[in-house]
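Asks: Going down the list, the sequences are from chains B and W.
Quick note on numbering: the first sequence equals residues 1 to 312 in the numbering used here.
Quick note on numbering: the second sequence equals residues 1 to 312 in the numbering used here.
In short, the hints are calculated from the structure, not lab data.
Be a bit skeptical, because a hint or two may be false.
No copy labels: a pair is met if it fits in one copy or bridges any two.
In silico BS3-like cross-links for lysine-lysine, where the CA-CA straight-line distance does not exceed 27 Å [as the list claims (entries may be wrong)]:
no., residue 1, residue 2
1, Lys198, Lys302
2, Lys302, Lys125
3, Lys139, Lys239
4, Lys155, Lys302
5, Lys125, Lys198
6, Lys160, Lys198
7, Lys93, Lys239
8, Lys139, Lys88
These are the residues of each chain, in order.
2 protein chains.
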Amino acid sequence: MELAVHFLGTAGAVPTPHRSSPAVLIQRGGERILFDCGEGTQRQLMRAGVGFNQIGLIFLTHLHADHYLGIPGMLKTWQLWGRLEPVKIYGPKGLRDLSEIIRKILGRFDFPVEWIELSLGSSIKGDGYSICPISTSHKIPSFGYSLVEVPRPGKFSLEKALELGVTPGPDFGRLQRGEAVMGTREVRPDEVMGEGRKGRKIVISGDTRPVPEVIEAARGAQLLIHEATFTSDALDRAKETGHSTAAEAAEVALQAEVDYLALIHLSFRHTARDLLNEARAIFPRTVLPSDLDRVVLPYPEKGEALFELRNG
Amino acid sequence: MELAVHFLGTAGAVPTPHRSSPAVLIQRGGERILFDCGEGTQRQLMRAGVGFNQIGLIFLTHLHADHYLGIPGMLKTWQLWGRLEPVKIYGPKGLRDLSEIIRKILGRFDFPVEWIELSLGSSIKGDGYSICPISTSHKIPSFGYSLVEVPRPGKFSLEKALELGVTPGPDFGRLQRGEAVMGTREVRPDEVMGEGRKGRKIVISGDTRPVPEVIEAARGAQLLIHEATFTSDALDRAKETGHSTAAEAAEVALQAEVDYLALIHLSFRHTARDLLNEARAIFPRTVLPSDLDRVVLPYPEKGEALFELRNG
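All chains, full assembly: derive it from the sequences and hints.
Replies: Pasting the structure below:
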């Protein structure tokens, strides 16, 4: 199943002519899952051409305005386009207050909009994956998120099944679905199925100081998307404002042993080159996406992540 | 004094990959005056490179979300950039409620933000111009706006002044400022000053059905910026939603005898070509700007408006 990440908005709190406010889209098969929704996200989605209307789940990392100001306009556009499919919006404490303000200014919608305040330990189960909030450390209640695919069943061994006298046909399907069948004797699924294969994992830090909870959640992930608002020169400012430096993001990636690190939430005060060099000195497999760049993540045994980056 | 209009966002209620939500900037000398402020306007301003921080006045035509959702993010960015200069935001009834919602979600700013609900008959006096609300007809309280320059004094006649015995020097200045001075006898300013010269006028319709008040306000304007959400095929829909067709906008321009008509607030349902052709059949001096197009308006005696359009 295809799994791709679209970097829709890579700016920090202040957008620039080239970087829109924060938003990351995960595309998994036919599903579209949005993480944060800064001002202008709807147009970034239209530009990316990835199925703006198919978004069914939105996760907000925290309720600073630069991370949610795109929501009212997006809901309004869906309404005007005649959307009927429900949308669920998840986020930390305070989300319900925000939902009331948005309802007050925009009125009701013809499609169901559900606002769900998450707590740590929750797990949102999708079809073949789950999304969990991660404890992070910002100025206000905040989460990171992990998307973890459920392990795929192992490979079915045709030879083994025939050897055990299973009749080719429906019984093969039963074994693959986990049911025992009769051959020369009762055959259990584990006798003919190889070891379960790991799914993929993507972790998004949201705005945060570097924290062990993100390292733990990101362990072995294909991709860690970590904020890197500042370079190390501005470490004091990072501490004061609850953000991370590029070096700190790289240190998290290194300790979590992820395959790749992507830096987002970049302050206009630093150049992309400086941020990237700082991180790569610690964790070489770091990328710094431009807006509308994407990465495709194949299953681990199928090869490397494929980055489509405008600027290296 | 330079007078230019920047079309920042030319979409209707739903933005597209190419057209941002409604916003028009008037640049007059060092001043920047914004009319409407749809989602994404701050980035459009940055892209236009016309002095985002110099905006001191914002006029909202009405309080539908597509016309104001860019305000919170813009205020936030100013705050983060350390703005200290005041900003005044004008609009119809309901503006104060909006200001309270925005204050609730964003808190206070370090620069003064004044929200002023206008009524018909008000006139905001600037340095050499005034801006007045115009009665329009939309679904909710709404205004158009006219920007009218004060007439410039006529030309000072050096020959006439010398002939009347005025001493060259400070007395010339006094005459030009409207004071009488002594020559061979008392000389009145009107004896040495030519006829006053007309200033320039720009009218913005906002979202509205075609109305006589806009025709009246726009009479003789250099530029009428009129909404043209639909083509005539959708006249019923225009009536129902309180909008104008391209033909109706052209009819307003024709009756007001303006120099040029610019169509904005375009529905994604119609092509630019169809809208433009429909209007030009009635009023040939019609343009349909793309986002970030601009027009420079010289004083009437100095020549024609200069359009910088991406698509003809």
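Asks: Evaluate each hint against the coordinates.
Replies: Hint check:
no. : hint             : in the structure
1   : Lys198 to Lys302 : within (12 Å within a copy, 74 Å between copies)
2   : Lys302 to Lys125 : within (25 Å within a copy, 68 Å between copies)
3   : Lys139 to Lys239 : within (10 Å within a copy, 49 Å between copies)
4   : Lys155 to Lys302 : within (14 Å within a copy, 81 Å between copies)
5   : Lys125 to Lys198 : within (17 Å within a copy, 69 Å between copies)
6   : Lys160 to Lys198 : within (23 Å within a copy, 95 Å between copies)
7   : Lys93 to Lys239  : within (23 Å within a copy, 43 Å between copies)
8   : Lys139 to Lys88  : within (25 Å within a copy, 30 Å between copies)
This entry satisfies every hint, going by the numbered hints stated previously.
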